[in-house]
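J.: Once you know that position 61 of the sequence shown is 139 in our numbering, the rest is easy, because the numbers rise by one and skip nothing.
No wet-lab data here; the hints were simulated from the structure. Treat the hints with care, since some could be wrong.
[What the hints assert, rightly or not] Between beta-carbon pairs, the in silico distance windows are:
no.	residue 1	residue 2	range
1	W133	R261	25 to 35 Å
2	H105	P299	26 to 36 Å
3	P239	A107	53 to 63 Å
4	T101	N141	49 to 59 Å
5	W296	P154	55 to 65 Å
6	H105	W296	28 to 38 Å
[Claimed, not checked] Cut-off 35 Å, straight-line C-alpha distance, at most; resulting in silico cross-link-like pairs (DSBU-like, lysine-lysine):
no.	residue 1	residue 2
7	K316	K300
8	K300	K319
9	K379	K352
10	K339	K316
11	K316	K352
12	K110	K379
13	K110	K286
14	K248	K279
15	K286	K300
16	K376	K352
17	K110	K284
18	K300	K318
19	K202	K187
20	K318	K339
These figures come from a predicted structure and were not determined experimentally. By construction, the Cβ of each residue, glycine as well, lies at the ideal position given by its N, Cα and C atoms.
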Amino acid sequence: MAEAEVVAREPVVDVHATSGKETRIHHLAAPKTSKAAYWTSFGPNLVWGNQDPIWPLRRVVLNAEATNRLCELAQPKKDHRPQHVFVPEFQYSCGRVSQIWQVSDAAAKRGNATMRLEELARHKSVPNGYLEHHSQFTYSCGRCSPITRPNRRAMSCPERPRTAELAIPKQPHPHYMPGRPVRTVVPSNALAYIASPLIEKLAVPKSKSEGAFRDPEWTIPKATLQANPSERVTELSKPKKLVDGYHPCRDVIWRVSTGAKNAIASNRMTELAKPIIRETMDHVQFNPDVFNVSENAKKAKASARIEELAQPIQRGQ
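Put together the whole structure using the sequences plus the hints.
T.: Structure, rendered in structure tokens:
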């Protein structure tokens with residue numbers, strides 16, 4: 079834990095105390111360290127990637143003896159596979175299903191092979207009409223256009239303007255810019271440049287208080303507190319107005335009015351408020367006439383609206 083704190087907090091180098099151009103250049107060339115850990119860490123400074131515990135262990139825990147149950151759970155799982163499997167059989171086949179078997183002594187001592195083995199051991203024959211021409215594809219990597227040697231007449235032929243034009247390499251685009259070198263060469267004027275006082279002031283690192291938290295209160299200067307905003311700032315500070323006709327969202331809880339609470343329901347409302355009491359299935363299943371249609375329902379005439387709703391929906395074929 080002490081090493082982690084040393085890594086996180088680097089020594090502060092005083093810029094004004096150093097002297098010489100080389101020391102200043104080396105100081106500015108050093109990479110900027112991340113200060114995010116000063117404001118985002120809420121615990122001890124840790125170095126990830128090692129086996130150190132987050133919290134230090136007590137001596138009692140280090141000197142404690144494991145119970146029989148812990149020793150039993152710490153035992154590795156037993157490998158029930160035979161030891162001769164997967165190692166010699168798949169040594170040259172990379173774990174494929176067709177493993178390489180070792181030849182037995184009886185098969186090795188057998189003198190003559192059968193006719194079937196001789197037929198399977200025969201290599202694939204070359205098709206009729208095949209001509210071996212590997213020399214033509216020496217530098218063409220098997221392309222269909224082999225590289226042939228020119229004859230003497232072609233070698234002694236004078237150069238034509240068209241051939242000379244085709245032999246000119248393609249020029250890059252006029253706006254093409256080559257890649258920058260990996261190492262940037264600093265000009266001598268920049269090396270001999272003396273920084274101005276403003277640059278020296280801007281190069282001073284920002285001083286931050288040590289700790290894991292930021293100050294909750296910011297000090298506002300008096301000039302800011304006494305400043306008068308301009309008309310533009312006052313106009314921008316006005317809140318955005320709502321559109322005409324805007325209705326806010328209804329509350330989740332609806333407030334019942336006092337008149338509705340003191341209202342007296344009519345006889346019709348009381349009649350409609352009574353729930354329909356139906357028989358349970360325990361009684362209905364023993365009633366043989368429960369699903370019979372009454373005579374009044376059979377003689378009823380449907381209204382025009384019911385006839386309209388009873389029409390099937392005509393969809394496109």
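J.: For each hint, tell me whether it holds in the structure or not.
T.: Hints and how they fare:
Range check, W133 to R261: Cβ separation about 46 Å, and the 25 to 35 Å hint is violated. Between H105 and P299 the beta carbon distance is about 32 Å. The supplied range of 26 to 36 Å therefore holds. The beta-carbon spacing between P239 and A107, approximately 57 Å, falls within the hinted interval of 53 to 63 Å. Our hint of 49 to 59 Å for T101 and N141 holds, since their Cβ atoms are close to 51 Å apart.
About 58 Å separates the C-beta atoms of W296 and P154, a value consistent with the hinted range of 55 to 65 Å. Distance hint check for H105 and W296: the Cβ-Cβ separation is about 30 Å, which falls inside the suggested range of 28 to 38 Å. Proposed proximity of K316 and K300 is supported: the alpha carbons are some 24 Å apart, at most 35 Å. For the hint linking K300 to K319, the alpha-carbon distance of about 33 Å falls within 35 Å, and the restraint holds.
With a CA separation close to 28 Å, the supplied pair K379 and K352 stays within the 35 Å bound. Pair hint K339 plus K316 does not hold up; C-alpha atoms about 43 Å apart against a cutoff of 35 Å. Proposed proximity of K316 and K352 is contradicted: the alpha carbons are some 56 Å apart, above 35 Å. A C-alpha spacing of about 91 Å is found between K110 and K379, which places the hinted pair above 35 Å, so the restraint is violated.
A C-alpha spacing of about 15 Å is found between K110 and K286, which places the hinted pair at or below 35 Å, so the restraint holds. Simply put, K248 and K279 have alpha-carbon atoms about 52 Å apart, too far for the 35 Å limit, and the pair is violated. A threshold of 35 Å between alpha carbons decides the hint, and for K286 with K300 the separation of about 23 Å falls inside it, so the pair holds. Distance check on the hinted pair: K376 and K352 sit about 27 Å apart at the alpha-carbon level, within 35 Å; holds.
For the hint pairing K110 with K284, the CA-to-CA distance comes to about 12 Å; that is within 35 Å, so the pair holds. Between K300 and K318 the CA atoms are separated by roughly 30 Å; this keeps the pair inside 35 Å, and the hint holds. Of the supplied pair hints, the one linking K202 and K187 holds, its CA atoms being roughly 28 Å apart against a limit of 35 Å. Proposed proximity of K318 and K339 is contradicted: the alpha carbons are some 39 Å apart, above 35 Å.
Hints 1, 10, 11, 12, 14 and 20 from the earlier list are contradicted by this structure; the remaining hints agree with it.
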